[in-house]
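Student: Each chain, written out:
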Amino acid sequence: MADRILEQVRDVLLRVVEAGDAGLLRAALSGQHVPTPGDGLDYGDFLHMGLELAPAHLDIQERLTHLAAGLIQERTVPMRACLGRFMSLEQQGEHYGMDSKELFPDSMYLYNLFLFCGQFPRSGEMFQALWEFHQTGMEWGKWVMWRGPLQRVLDRALAVHQIDARLEPYWLRHFDHAQPSGMPLSEMDQDRMINGWMGLLWIPSEEGLFSLERINRGFSRLSSLLANRPEADRLFYRLLNMMQKAYIRSHTYWVQQWSPYLSEWPNELKVAAALHWTPILGLDEDLRIVWNGWTTAVRRAILLEARENHWFTLLFGHLASPTEILRIKKELSRFFKVESLHAPVSQGTVRHQEKKIDHEHTKKHIKVSDALNRVQKVMDSLRIELKKRHFQKARQFVEDLVRQQEHEGTPLEHIAKTYSNAATIARQFSCFDWALELYEQAQGLLVNDPFVDTGLAEVLHSLNRHEEALKYYQETVRLWPTDVVARSGLANVLHSLNRLEEALEYYRETMTLWPEDVVARNGVADVLHSLNRHEEALEYYRETVTLWPEDVFARCGVADVLHSLNRLEEALEYYRETVTLWPENVVARNGLADVLHSLHRLEEALEYYRETVRLWPEDVVARTGLAEVLRDLGHFDQAETILRENLQRWPHNRVIPHALANLLRRRGAYEEGLKLVPEPQKVVTLHDQYDLHLRGMIFLERWAEGDGNEAARHFQKGLDSAPSKQQKAIWLKGLILTALKDQRYQDATQLSEQLQSMETLDATGQLLLLHSLARAGAEHREAARQTAEELKISATTWQETLQRALAATLAAIIQAFSLNQPYLLYDLEAEKQALALEIEISIRFLLLLSSRRVVAYLRY
Amino acid sequence: MSTGALPMYLFDRCHASHRWDRALQVGAAPPLLDPQLVARNWRMDHRVADARETSLLENDIFSGTPDLEIWASQVNRFYEKQIQLRSFTSDAPASLMPDTVAVHNRNNRLDHYQLVQHDQLFHLASFNRLLNGLMSDRFGMHRFRGFLLEMGWDDPMLEMSSPPKISEKTKWIEEMAEKVAAEGAETIKKVAGALMKAFPMRIPWWAAFAEEAVPWIDHEDWSGLCKALGIGHFLQGEWLMAWEYPVSVAGPLYRPTVVEAGKDPFHFPSPPGSPVGVVMNLDEHQEVALREVVHLALTPVHAHKYCLTKMVQLGESHVVDRSMLPRQRHKRRLAEEFVHDPDREWLARHDMH
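Each protein sequence line maps, in turn, to chains A and B. Start counting the first sequence at 1; every next residue gets the next number (the numbering used here). Start counting the second sequence at 1; every next residue gets the next number (the numbering used here).
Some hints here could point you the wrong way.
[Said to hold, decoys possible] Calculated cross-link-like contacts (lysine to any residue; reagent style SDA-like; alpha-carbon spacing at most 25 Å):
1) B:LYS197 x A:LYS329
2) B:LYS305 x A:GLU52
3) A:LYS245 x B:LEU347
4) A:LYS245 x B:LEU115
5) B:LYS165 x B:GLN117
6) A:LYS717 x A:LEU837
7) A:LYS245 x B:TYR245
8) B:LYS81 x A:LYS245
9) B:LYS263 x B:LEU130
10) A:LYS245 x B:LEU110
11) B:LYS331 x A:LEU287
12) B:LYS331 x A:LEU319
13) B:LYS331 x A:LEU837
14) A:LYS245 x B:LYS189
15) A:LYS330 x B:HIS340
16) B:LYS197 x B:THR309
17) B:LYS331 x A:TYR253
18) A:LYS245 x B:THR309
19) A:LYS725 x A:ARG508
20) A:LYS329 x B:HIS340
21) A:LYS245 x B:VAL103
22) B:LYS189 x A:GLN256
23) B:LYS331 x A:THR252
24) A:LYS245 x B:LYS165
Bear in mind the hints are in silico, worked out from the structure with no lab data behind them.
Kindly produce the complete structure, drawing on both the sequences and the hints.
Tutor: Right, dumping it as structure tokens:
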């Protein structure tokens, strides 16, 4: 506001004082003779602003106080008369109710008068005038409803000028008459409470500036008013803030003053006090540094939780060293008078508590940084030792660290974190058994921790203990429905369990809840891929790549689907682009090598895999891929050596024994092959399917006594468990081959017809149909010849990776049954060769069909 | 463009470049000279609002692109002309009031609706410096001579050279102080009123809240009191007088800023979370940081009424630590008391201070 305007106001006030003109003051407070204040200012405030410019050596304030007190007195008399008249009328039964306009015809003037008076220094004369006005109203309180702005400014003026404690009961009554406990306070009740609090604060005390006892009585009444109300913390914070602004003091002063009263305070008030004055918590200097280093929001969250005896933020926020966290928790428990944490007690907890008590006397104070550095160093060492495959040494590191933490009295929650962190590292190095052990240790100390439970479930998944993993994930999702990692893990296990529709549903639900979660999106695409809904999968992956161009997994997904769609050149191109962009990404490199393998560009694939193995010696996919290429290049010995090494290193991986068993089959070592892939009890996962299929094929190929029945039993078992037509077709082909080899040609023909009725036959299916027709006798010979001709034509569209084998099989069948001749000349050797080729391509076709090699490997 | 090691801050606002670059780019390595400390305070003091900054920069006193030395003299001149030496008569226009009470410093004015008016403030002043300031102004001295005559005391000007030599003034001031202190309560109060009446200017008073200062006020030696109030420039041998008075007679209270502190190197800006100033305690054995405000000097009537009835001379033991230690201690104390995010961020932003 311009000083010129305020100078005009000052001049009016100087005239008021010089002439002792109360009328002029009354007029000014009604808005006459002074400029319009603007800015939403009231005249009471406006006049005061002008007063501040007045020369201070004139005792202008005292003189204005005197005049203003007179103005109040002159309004008290007519109010009393008016109220008396109303009372008389009511007694005569002629008038009911009160017309406030009649009582206060000039309410705006009165409002500004009280506002103006409330800004003068305390004056006995002014208080007397205000008191009389207030008392008159109180006496006639039956009619006068003291509410609204007029009461607020009168209260304010009374608070400022009160010279003794006579108004204390009046101020305390401001804390009554509220809505029921548990409900939020209305705005009006909040205003009333604030007015009362101010009045109480401003009562001068005989023994000093203010009486702590009196203010504490106010706290006591306020505690009843605010008990169980949702805004209690906020309001107490505000009340303390008012107190600090009323009496400006250092925090040290307030802590000294209020400490003796703390035990009487409700916890809501303690929270507010601790937020205002940290020292009131009684933390020592070291802990205060830690505490003050946290943000206001963190400190507030910890206090609010501690008040309720909850410690989530403090214990799991990784905010300081375990020792410091424990000590802060202890101090806060004492401050709020809450019992220590009631965590479910496990055997592990008991064991650690006992050790803790044993070592209590030797507890040492360790600094945060030291403790954190030490844990970090151990974890780094752990990685190094596991990389060197020094498992025993790695175990020793963790055991030593935990022993030391126990010795120092580290909270159990933090020892659990040590176990959990070590388990994560062990899992990264495929030490699943040890990881499981560590997670179980962590779980023994920290029940229902989402991180530990999810980690445990992941390890169980890696150990192919899918049902157990599923249970853990389901429990974790039940407890923490918003834990996206657990939800994705759950869907992943369902995928592994071949419960594809459920997995899809779960991923889709997760994706709906967290549209930004790329893992869930990729999960949807992955399952669609497994369901052979390739085009949909491709669309999903492509969309993900558009949205998250940096997501290599989605890029590999695109290429992998293209691979499955036999669009090998496109897949190759896509992988090449990905490898160029992310040369360090091993998944993309493996994908690229795999496509080269499918394209039968074996030397290139070999080179790629070798390079990858050199760069990532621990990558199981690259090592297995290398072995498979060597096998196809005829280097069986080298392939076998690598696979045996892999098996030793990754004993829980199910791809390796399958690949080794398949190689051994090729080398005629059927027994060992069968041992490597034991018959699954139930055909649940994709790997169960692969293993069962391979076993059937081994029996078929070995063809010793009883092997025919065994092969048929295996394929029938697969057929019975197959959830989809496409998967049933795989097993039907096995049964057809068995029937052909067993010379049950009629069965073979019937099964072929059954196969034909189920789906559009692919190349392997067409070859089996051809073989069955050729075996079925002269009446089917023409149909067989016709089928052979059609196959010759369609051969160019066959998948390149199988093209040579398919062509060789076709040639063998044609040769076996002289389909290119007008008459039948049966060639037994050629049929044997055809059968062998059919077994070979069935195995490879299954792997190719359902492989999603890159993606599938990622899960193991 | 600033080339110093530190980012260029003025009033806690970062500037890519500024015409005060040369003055305010103070190195981080202690020990620092007084102007360097003042410069640091000006860099970090968030309490000076944009409008006040504009007004300062537009003031003729702060012209050019000064180096530290020239800038420090500008700061001092501004303090003398715009804070200290303001005319004060009954018809003085608002424009002649100290810069402290100008509209552009409104952000530092305390809300009188919230502050208890009967709370007590405490102000400490050097009798020697007050008289010396008075003698520098012939009108002021003329008014004070009237009081001397009224008291039946000799007119010092009659025995001094014209203009008086410093040694002559010092000698007379010391004699006056001893005489007033010896005469006791009533004389001290009268002198207090007369000084304020004679003073040609209304210097803003720095005041603490009396209740917290009581332990030092009650002490016979006021050296500890000076340190608790962050007053480092009073010297051994100076006579001190004090006032204890209710908030209600002090007029509007303001949170002090570096502008009010002038060339005082013992000032330290208060954090954003403090509505008032926080005194930098100069005593290494004291942990408390008193709160402080500024307001216009009391009227002569109030100066008489509320003056304490004793004067205390600072003894030989009064030594003030002029190293960086008090600042470092104070900063640690601020970090302990002011823990809300804006305070922590502000302290971190000016960590080298």
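Student: With reference to the structure, classify each hint as holding or not holding.
Tutor: The hints, checked one at a time:
| no. | hint | result |
| --- | --- | --- |
| 1 | B:LYS197 x A:LYS329 | violated, 60 Å |
| 2 | B:LYS305 x A:GLU52 | holds, 21 Å |
| 3 | A:LYS245 x B:LEU347 | holds, 23 Å |
| 4 | A:LYS245 x B:LEU115 | holds, 6 Å |
| 5 | B:LYS165 x B:GLN117 | violated, 45 Å |
| 6 | A:LYS717 x A:LEU837 | holds, 23 Å |
| 7 | A:LYS245 x B:TYR245 | holds, 18 Å |
| 8 | B:LYS81 x A:LYS245 | violated, 32 Å |
| 9 | B:LYS263 x B:LEU130 | holds, 18 Å |
| 10 | A:LYS245 x B:LEU110 | holds, 9 Å |
| 11 | B:LYS331 x A:LEU287 | holds, 18 Å |
| 12 | B:LYS331 x A:LEU319 | holds, 24 Å |
| 13 | B:LYS331 x A:LEU837 | violated, 85 Å |
| 14 | A:LYS245 x B:LYS189 | violated, 31 Å |
| 15 | A:LYS330 x B:HIS340 | holds, 23 Å |
| 16 | B:LYS197 x B:THR309 | holds, 18 Å |
| 17 | B:LYS331 x A:TYR253 | holds, 18 Å |
| 18 | A:LYS245 x B:THR309 | violated, 30 Å |
| 19 | A:LYS725 x A:ARG508 | holds, 24 Å |
| 20 | A:LYS329 x B:HIS340 | holds, 21 Å |
| 21 | A:LYS245 x B:VAL103 | holds, 22 Å |
| 22 | B:LYS189 x A:GLN256 | violated, 34 Å |
| 23 | B:LYS331 x A:THR252 | holds, 16 Å |
| 24 | A:LYS245 x B:LYS165 | violated, 48 Å |
Consistency note: the structure conflicts with the earlier hints numbered 1, 5, 8, 13, 14, 18, 22 and 24.
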